[in-house]
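Residue numbers (my numbering), protein chains in the order written: chain A, 79 to 344; chain B, 2 to 267; chain C, 990 to 1323.
In case anyone wonders, no lab produced these hints; they're calculated from the structure.
Among the clues, some could well be false.
Stated by the list, open to error - Here are the computed lysine-lysine pairs in the DSS-like style, where the Cα-Cα straight-line distance is at most 30 Å: (1) 1193(C) with 1102(C); (2) 258(A) with 1102(C); (3) 1085(C) with 258(A); (4) 1152(C) with 94(B); (5) 260(B) with 1152(C).
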Amino acid sequence: MYRTIHYYLNTLYWFWYTGFSSELEYRLNVYVEIFAVIGNLTGSLFVLSMFYSNGSTLGGWTFNNSLTVLSIYTFLEGLTTCFLHPNLSRIVRHVQHGTLDYILLKPIQSQLWLSLRIFSPWGIPSILVGIALLIYSLSRSASLISYMSIFLGIIMLLSSIVILYSLWFILATTSIWFVKVWNATEVLRSLLVAGRYPISAYPSMLRAVFTFLLPIAFLTSVPSEVFIGQSSSFYVFLSILFGCIFLLISIFFWRYALRFYTSASS
Amino acid sequence: MTKKIFRIYRVASSLLTAQYALMIEYRAEIALWAISGLLPLIMLALWSKSDVIGSVGLTSQEITHYFVSAFIVRQFTAVWVMVSFEEDNIEGKLSPFLLQPLPPFWRYASSHVAEQLTRIPFVFFMISILFLFVPNSFFIPKLKDFILAGIAIFLAFCVRFLIHWIFAMLCFWNERAAAIERLLLIPYLFLSGLVAPLEVFSDGVRSISMLTPYPYLLSFPSKVMSGAEVNIIGGFAALLAWGFCLFVVSIFAWRQGVKRYSAMGA
Amino acid sequence: MSTEKVSMNIISVDELCKSYRVSVKKPGIAATLSNFLNRQLHVVEAVKRVSFNIDQGEIVGFIGPNGAGKTTTLKMLCGLVHPTSGEVSVSGHRPKERNRDFLQEITLVMGQKQQLIWDLPPLDSFFVNAAVYGLTKCEAKNRIDELAAMLDLDKELTRPVRKLSLGQRMKAELLAALLHRPSVLFLDEPTLGLDVNAQSRVRKFLRQYNKRYGATILLTSHYMGDITSLCSRVLLINEGSLFYDGPLEELTGKLSPYRSVRIELKEPHQKSSFMQYGILEEFDERLVRMLIPRDELTAAITSILNSFPVKDLEICDPPIEELIGNLFQSGIVP
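Work the whole structure out from these sequences, hints included.
Written out as structure tokens, the structure is:
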């Protein structure tokens, strides 16, 4: 047990250590990223304030609770930049160049390697700003935040990370069949923008789509509600269930794709 | 004189035909890019449920027509010249381009126009789907509005292309300059009227935004198309003025860039 | 008794077959649609009932024309392609399962595909591999030093891969692939595109590695030099079937009684006047290319020089593809 944990930690250390320093050579990126985070945050707050002008609200949420949604969105976006985007875009390249073979011959789960091989530091500003905004919005919350709801909220956040990861990975897996699929991730990204705002602000048909078809509700709205202590245990249960289901789908779909790869490639 | 015009026509038509053939090859990607321009429709879903719209004196029909038009305008003003310029610069394709008797500017401009032509059927398809599922979003602009909007879209595209082209020249100084595109998108996103109609902006923000070219890039053509009340002459005058100024700057930037390029001996 | 035999053979392949279904599709949108509705599949047999055994420590050359099924067979041996039928065993494992112990034992190097990350120094990729294969940092360092010494690599290891020459890059690739000290090496065109110097360095290294660790090596190559200098035994495969399995001398005995002779004449001559010397491969009035049996070479050349106005004359070993092609043409099938 200890050896296994040590093995994975050591592997992760080397995964992320390499490449980190070379990324930092692109100094322009540092400034661009910091300005982009500030700019996007200002813009988002500006849009939110417009929704709340003249005493109006967004889907019945207080401004402060909408901030919680926005903070979780910013945090998840940072994770996407750090892990999902850099790693999963490589799957397409591995398939194109035939270097997937090398990864399949490594004595490590190929899904683990493909998902975590690279750590790109450019998402860190978003992650930090997201966490800061989350703490700020929770500290100003009208209702009292209990330790229980923080604990459950963190679980919900983990579940939303798992769902987000699975969506990306499932999409990236299809590159085994369709090499040009990478552009489809742009579509996914553009849809996920809907998670910037509370789900109840959408018309009912879209709300159903964003809950059951493309679970955007579980990415930002449900964790926010849980943090504030306004969610039902049904949604907590549903979120965990969705997390498990999507993760399992991503694992089995990857295995299925590999079976196809190993029996069809030459 | 006629000889010169004939030559320009021949170069332009052959360039466009070639780029169009190339874009047809990329039709799958273009379809996906087209789908990823969903943001105006997501914002429509949010604003149509908000009370703020009524309080600034807009009807729900007006707001629907505005965002549907904005969706179309955005489809035909997409610009990605920074990314392709950076790629060509890094891969060393720029040197052969510079040796040809045609300024590279036209090569990139024609590829954008060709891409837009390829997009037309996809946009038609998506709009039909939208009208089918959300019947009350259906509307057909008046012929006069449609033609005027077409011209406004083309001018807006030119202005946006010039902005990006000027910043693309930074690639002569820094290999990774395309990262700046992320920053260029922020004011476009929040000031152009893409996420909210300008009427909702607070007076201060609106008057600041009107000093930038952004509202003319999206809000103005969208309003023309949706038949809303708008200062048509003022809008066109602003687009032409911005276009002229940026054109002058772009020539200057290009000359400086090429000077730098030859000095570097790349 | 039989178990003893199995333990001797580190690789054993029995009646291995691989067939693909390929859909027949013409270009164009209409064809795409009709193909979608009414799929026409036909089966391509890439590997047909191939059987062989390889002992521990052997270096075996795997040769055959392009598309003969070499790469497919190699990939089946490492478990990347699943066989349609037949049995494969590599150091006691079934490659198809790709389990940990098996993967620790083998390695694959493909000359045209690289595993090192383009923008990083090779050293970074080595340490990632070391971690994945469960080596401690200390072990990894020692092995890198040892292999780097064998490969003559030094400061190249800290330069980004993109700044290395092709030869240096290939050596770094080999180092990355051998860090976990595999006992079975599958090499697919490991010297592809390298200059003569780099080729011989790689060969020398492989021989050394084989000796030092008793590793088994199965390699494909288009360069006869790789085969002749490394392999005592070759497997010859054509159109998916194994045609020859035996020592290299016997194969060269069958093939290189011929040498390729290229003659440039001052004046055009009749084709028929050259027929007596050997097998004509190319004839263009002034340019003659032919295969002449080695025993008769001296006599034939003397005779040619005496009877024709020769401008230029060149004698070499025919390229491996031609040797094989000739083998099949002449009908000498073992």
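- Which numbered hints fail: When the structure is compared with the hints, none of them turns out to be violated.
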